[in-house]
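The task is simple: from the sequences and hints, build the whole structure.
So the chains spell out like this:
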Amino acid sequence: MPALSPDQWQKISPYLDHALSLSGEERTHWLADFRSTSSDLCGLLDKLLEEHHVLSQEHFLEDQPPRPTGEEPLNGESLGPYKLLSRVGEGGMGSVSLAERNDGRFERQVAIKFLRFAMSSSAAAERFKREGRILGQLAHPHIAELIDAGVTPKGEPYLVLEYVKGKQIDEYCDEHALGVEARIELFLGILGAVGHAHANLVVHRDIKPSNVLVSADGDVKLLDFGIAKLLADDASSAEATLLTLEAGAGMTPQFAAPEQLTGGAITTATDVYALGTLLYLLLTGQHPAGPGPHSPADIVKAITETEVRLPSQAVGLANNTSGNFGITSEKLHGKLRGDLDTIITKSLKKKPDERYGSVVALGEDLRRYLKHEPISARPDKIGYRLQKYVRRHRVGVAAAAAMLLLLSGFAAIQAVQLHRITRERDRADRIAQFMTGIFKVADPGQKLGNTVSARDVLDKAAHDIDTGLARDPELQAQLLYVMAMAYNNLGLYSRAQALMERSVQVSTSAFGPENIQTLRSRQKLAWTLFQQGRFSEAESQQRSLINLERRVFGSQHKETVGTMGDLATTLSEERRLPEAEKLQRDVLEIQTHVLGPEAHFTLASRDNLAVTLLYEGRLEEADKLEKQTLEIQRRVYGPQNLTTIHYMMNEDAIKIEMGSLDEGEKMSLELLDLERRLIGPDSPEAADTTYNLASIKARQGKNDEALSLLRHAIDHGLLPREAVKLGEDPDLKALHNDRRFNALIAYARQMGSSKAQH
Amino acid sequence: MEISPTLSTLIAAAEHGDKAAADALFSALYSELRRLAKYELGRHGAPMSLSATTLLHQAYIEMAGNNGTSFADRKRFMGYAARVMRGLIIDHARSRSAQKRGGQFEITSLGAEIENAVDEHKLVQISQGLDELAKVDAALAEIVDLKFFCGFSFAEIAAMRDISERTVQRQWEKARIYLHRSIRADLEM
Numbered sequence: 001m002p003a004l005s006p007d008q009w010q011k012i013s014p015y016l017d018h019a020l021s022l023s024g025e026e027r028t029h030w031l032a033d034f035r036s037t038s039s040d041l042c043g044l045l046d047k048l049l050e051e052h053h054v055l056s057q058e059h060f061l062e063d064q065p066p067r068p069t070g071e072e073p074l075n076g077e078s079l080g081p082y083k084l085l086s087r088v089g090e091g092g093m094g095s096v097s098l099a100e101r102n103d104g105r106f107e108r109q110v111a112i113k114f115l116r117f118a119m120s121s122s123a124a125a126e127r128f129k130r131e132g133r134i135l136g137q138l139a140h141p142h143i144a145e146l147i148d149a150g151v152t153p154k155g156e157p158y159l160v161l162e163y164v165k166g167k168q169i170d171e172y173c174d175e176h177a178l179g180v181e182a183r184i185e186l187f188l189g190i191l192g193a194v195g196h197a198h199a200n201l202v203v204h205r206d207i208k209p210s211n212v213l214v215s216a217d218g219d220v221k222l223l224d225f226g227i228a229k230l231l232a233d234d235a236s237s238a239e240a241t242l243l244t245l246e247a248g249a250g251m252t253p254q255f256a257a258p259e260q261l262t263g264g265a266i267t268t269a270t271d272v273y274a275l276g277t278l279l280y281l282l283l284t285g286q287h288p289a290g291p292g293p294h295s296p297a298d299i300v301k302a303i304t305e306t307e308v309r310l311p312s313q314a315v316g317l318a319n320n321t322s323g324n325f326g327i328t329s330e331k332l333h334g335k336l337r338g339d340l341d342t343i344i345t346k347s348l349k350k351k352p353d354e355r356y357g358s359v360v361a362l363g364e365d366l367r368r369y370l371k372h373e374p375i376s377a378r379p380d381k382i383g384y385r386l387q388k389y390v391r392r393h394r395v396g397v398a399a400a401a402a403m404l405l406l407l408s409g410f411a412a413i414q415a416v417q418l419h420r421i422t423r424e425r426d427r428a429d430r431i432a433q434f435m436t437g438i439f440k441v442a443d444p445g446q447k448l449g450n451t452v453s454a455r456d457v458l459d460k461a462a463h464d465i466d467t468g469l470a471r472d473p474e475l476q477a478q479l480l481y482v483m484a485m486a487y488n489n490l491g492l493y494s495r496a497q498a499l500m501e502r503s504v505q506v507s508t509s510a511f512g513p514e515n516i517q518t519l520r521s522r523q524k525l526a527w528t529l530f531q532q533g534r535f536s537e538a539e540s541q542q543r544s545l546i547n548l549e550r551r552v553f554g555s556q557h558k559e560t561v562g563t564m565g566d567l568a569t570t571l572s573e574e575r576r577l578p579e580a581e582k583l584q585r586d587v588l589e590i591q592t593h594v595l596g597p598e599a600h601f602t603l604a605s606r607d608n609l610a611v612t613l614l615y616e617g618r619l620e621e622a623d624k625l626e627k628q629t630l631e632i633q634r635r636v637y638g639p640q641n642l643t644t645i646h647y648m649m650n651e652d653a654i655k656i657e658m659g660s661l662d663e664g665e666k667m668s669l670e671l672l673d674l675e676r677r678l679i680g681p682d683s684p685e686a687a688d689t690t691y692n693l694a695s696i697k698a699r700q701g702k703n704d705e706a707l708s709l710l711r712h713a714i715d716h717g718l719l720p721r722e723a724v725k726l727g728e729d730p731d732l733k734a735l736h737n738d739r740r741f742n743a744l745i746a747y748a749r750q751m752g753s754s755k756a757q758h
Numbered sequence: 759m760e761i762s763p764t765l766s767t768l769i770a771a772a773e774h775g776d777k778a779a780a781d782a783l784f785s786a787l788y789s790e791l792r793r794l795a796k797y798e799l800g801r802h803g804a805p806m807s808l809s810a811t812t813l814l815h816q817a818y819i820e821m822a823g824n825n826g827t828s829f830a831d832r833k834r835f836m837g838y839a840a841r842v843m844r845g846l847i848i849d850h851a852r853s854r855s856a857q858k859r860g861g862q863f864e865i866t867s868l869g870a871e872i873e874n875a876v877d878e879h880k881l882v883q884i885s886q887g888l889d890e891l892a893k894v895d896a897a898l899a900e901i902v903d904l905k906f907f908c909g910f911s912f913a914e915i916a917a918m919r920d921i922s923e924r925t926v927q928r929q930w931e932k933a934r935i936y937l938h939r940s941i942r943a944d945l946e947m
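Residue numbers (our numbering), protein chains in the order written: chain S, 1 to 758; chain Y, 759 to 947.
It is worth saying that the hints were derived from the structure and are not from the lab. Heads up, the beta-carbon is just placed ideally off N, CA and C, and yes, glycines get one too. Possibly wrong hints are sitting among the right ones.
Only part of the chain S face toward chain Y is listed, based on derived beta-carbon distances under 7 Å [stated by the list, open to error]: (1) Trp9; (2) Leu16; (3) Leu20; (4) Ser21; (5) Leu48; (6) Glu51; (7) His52; (8) Leu55; (9) Phe60; (10) Leu61.
Next comes the structure, spelled out in structure tokens:
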């Protein structure tokens with residue numbers, strides 16, 4: 001009699017229910033009816049009811065099974081010199097039991113791991129034992145000792161391991177609310193262990209949180225060294241890779257390196273990758289693939305294909321993690337941003353030879369980070385301060401003609417006012433005049449340059465919009481937009497964001513979600529997010545906006561393409577460079593075709609593409625493109641223009657990165673003159689360029705000039721967060737032996753903290 | 759991936775088909791039940807047979823308390839714990855039968871012998887049948903774990919699952935039919 005197939009069971013189940021709920025004559029009658037209507041199922045139903053009769057007589061399942069008595073099931077069983085005490089764990093690869101030596105020679109307890117597969121031959125068993133003993137020679141305080149390896153009479157391989165009482169490292173860190181530094185300290189212990197094993201030519205191959213335990217007194221131990229290899233070496237599973245082993249155990253290869261999934265060579269770089277994944281997890285609270293849950297296919301794709309999201313960006317996504325670190329997510333984001341982003345990303349490179357050359361090198365960089373020294377890893381291809389500099393001056397494609405848009409926004413206000421509400425014409429004029437005033441102050445092209453007073457005016461205007469225009473939502477939305485743009489131009493992004501959010505809100509309710517004003521406000525809102533470094537949020541806003549714009553305007557419309565250009569810029573800052581480059585080239589093609597090769601938007605796209613090429617390390621191409629762009633920009637829009645200045649800054653960065661110091665110097669001087677005249681002598685732009693000039697001088701060995709330029713930058717507009725990091729800038733390394741440099745750093749810190757108090 | 763998987767998040771993940779979480783949940787419950795059993799026995803000072811239901815109730819109170827969470831419903835916990843209890847009982851039966859056969863085992867005091875107890879081989883068959891049944895109808899399999907392996911009464915199970923006692927009873931009969939048949943099919947192979 002065959003067992004029931006699921007299908008049969010599903011079909012028969014309701015009838016069985018019904019039959020069982022009836023008794024005696026009722027059931028007999030019902031069954032007779034059933035036989036006449038459903039002849040194919042009645043045979044089975046009869047058999048099952050008969051079965052029920054039999055089992056009732058047998059008292060099937062009525063006797064209780066023996067109860068656990070508290071005695072360990074394996075208690076007393078011996079395995080070689082070990083006596084098994086209790087089973088302590090059950091995992092994918094097998095079970096683990098606690099044991100002790102039964103010859104009285106050692107007091108201590110050990111863990112015996114039974115591996116859930118059979119040795120195919122005695123030769124394989126011999127090799128398993130032999131290699132196990134080699135692994136046993138790896139003595140290190142942070143490696144759980146492998147004491148012995150053997151095969152039971154039944155052919156089941158087992159390992160005798162040091163018994164480690166502890167918590168999985170990630171749980172330990174969270175439970176103790178360890179901060180970033182403490183987590184790194186703990187992680188360095190693991191690095192020491194892995195480094196020791198590597199020096200002995202043993203690769204771990206399976207580093208993951210469940211293999212890293214921390215004892216109650218904070219001692220970290222790495223388990224299962226080389227065991228994945230022992231398993232893979234079994235002759236019967238010559239093809240076995242970590243993937244097949246794990247897949248066989250029904251687990252996800254979450255901590256595998258790309259080469260473990262694609263069948264590449266397993267080297268020490270494989271462990272570097274897994275350590276990178278572990279560090280990512282410890283410092284962000286999530287897997288590099290993003291917040292879970294993930295299917296195995298997701299994980300494989302994430303590991304082999306997807307560019308890793310920067311850790312600092314990842315914590316922006318998961319707001320609940322930072323509590324485990326005892327700090328706010330904003331602070332956590334700030335700590336990860338920069339060096340830690342760089343260190344982790346470098347460990348997680350898809351190509352093994354682009355990762356750290358050794359765990360020792362990884363450990364050195366982490367130690368440098370802890371000591372606030374410059375790290376050796378360069379973020380991607382270009383210098384890290386330069387990178388920040390470039391990012392700060394990226395020009396949004398949609399926001400490219402910030403000033404033009406301001407003007408057109410302003411014109412739109414007037415048009416709407418005159419057209420629709422002529423009765424209120426006086427008021428419209430008054431506002432228009434008011435706005436013109438603000439506009440003039442905030443536009444660096446107006447040479448007024450007094451940003452402080454511009455901000456005062458803006459603050460007052462923002463206040464007036466809130467209080468005075470509440471009953472006129474159309475006007476309010478437009479003014480909010482213009483105001484937000486003005487704040488944006490002053491670099492006051494969070495204020496700009498708040499106003500832009502309100503503009504979107506007011507505009508959506510006044511004009512609807514598909515109105516051009518609403519869409520533009522959303523476009524700029526995404527851009528202010530970008531400017532604050534909140535890339536993932538900017539990206540998702542831009543993507544949803546593009547879908548909407550495609551529907552409303554069409555896919556080749558200036559606005560749609562503009563948002564696509566902004567998205568490409570976001571991707572570029574997220575270091576998803578190939579994706580960014582492709583999108584930028586698409587955008588550029590449409591713009592060249594639709595708007596013309598010399599249009600403002602087209603030039604902004606060219607500039608952005610050049611920066612992406614710079615990030616990719618394709619310096620020659622970047623230089624050529626930026627040079628051409630600048631040439632057209634100067635010819636068409638003139639040199640005395642904020643956008644021209646931004647393109648010049650990027651060109652300057654490219655030159656410096658190329659090591660063309662003389663050209664860089666020339667460009668910097670030209671820029672500095674423009675910035676001082678047009679934006680102001682104390683503007684962050686002028687300070688940045690002064691800093692660039694200083695780094696060139698430092699690299700030329702001209703310490704005196706470098707130091708005095710730096711001093712000048714600190715006194716005139718250098719952002720405090722930049723100033724306090726002078727000592728970490730690798731571009732200024734040449735100054736490290738100069739005692740005056742230390743004094744300058746101290747001075748910068750002092751200035752930074754006094755500025756922060758204002 | 760879950761960070762710091764507490765029991766309730768483990769249960770949630772396991773219910774979403776996360777095999778690793780299910781494994782972790784299983785071993786956590788396993789060691790907790792074992793620990794409790796040991797403690798209970800130690801307290802009574804003499805070998806004795808433990809009531810599985812008491813053990814489960816106690817485990818629930820301790821684990822729910824330890825995690826600072828009240829499990830959204832006790833039912834889910836009991837479902838998982840009952841499944842684990844089955845594993846515990848079978849392991850126990852295995853060691854008993856191994857000891858009877860002599861072999862490589864040290865004879866230790868066992869506690870009250872239960873006459874007419876279901877033997878190890880049959881238990882393993884039932885357990886395998888239950889695993890099959892769980893794939894077809896998880897609720898039925900759970901009732902067997904609760905009733906047969908843990909000794910809950912129909913009334914208790916009905917209350918736990920918020921269904922009528924009659925329904926529990928009918929489901930129990932259905933499950934018995936399924937298992938009986940699957941064991942016989944096994945014998946014929």
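Now the hints, each set against the structure:
Because the smallest distance between the Cβ of S:Trp9 and any Cβ of chain Y comes to about 5 Å, under 7 Å, the interface hint for this residue holds. For the restraint placing S:Leu16 at the interface with chain Y, the shortest Cβ-Cβ distance is roughly 6 Å, inside the 7 Å limit, so the hint holds. The interface hint given for S:Leu20 is met, as the beta carbon of that residue sits about 5 Å from the closest beta carbon of chain Y, less than 7 Å. Checking S:Ser21 against chain Y by beta carbon gives a least distance of about 6 Å; that is within 7 Å, so the hint holds.
Residue-level restraint check for S:Leu48 holds (minimum Cβ-Cβ distance to chain Y is 5 Å; threshold 7 Å). Against a cut-off of 7 Å between C-beta atoms, the interface hint on S:Glu51 holds, since the closest Cβ of chain Y lies about 5 Å away. At a threshold of 7 Å, the smallest CB-CB gap from S:His52 to chain Y is about 5 Å, leaving the interface hint in force. For the restraint placing S:Leu55 at the interface with chain Y, the shortest Cβ-Cβ distance is roughly 4 Å, inside the 7 Å limit, so the hint holds.
Checking S:Phe60 against chain Y: minimum C-beta separation of about 5 Å stays under 7 Å; hint holds. Satisfaction of the interface hint for S:Leu61 is found here, the shortest Cβ-Cβ separation to chain Y being roughly 5 Å, below the 7 Å cut-off.
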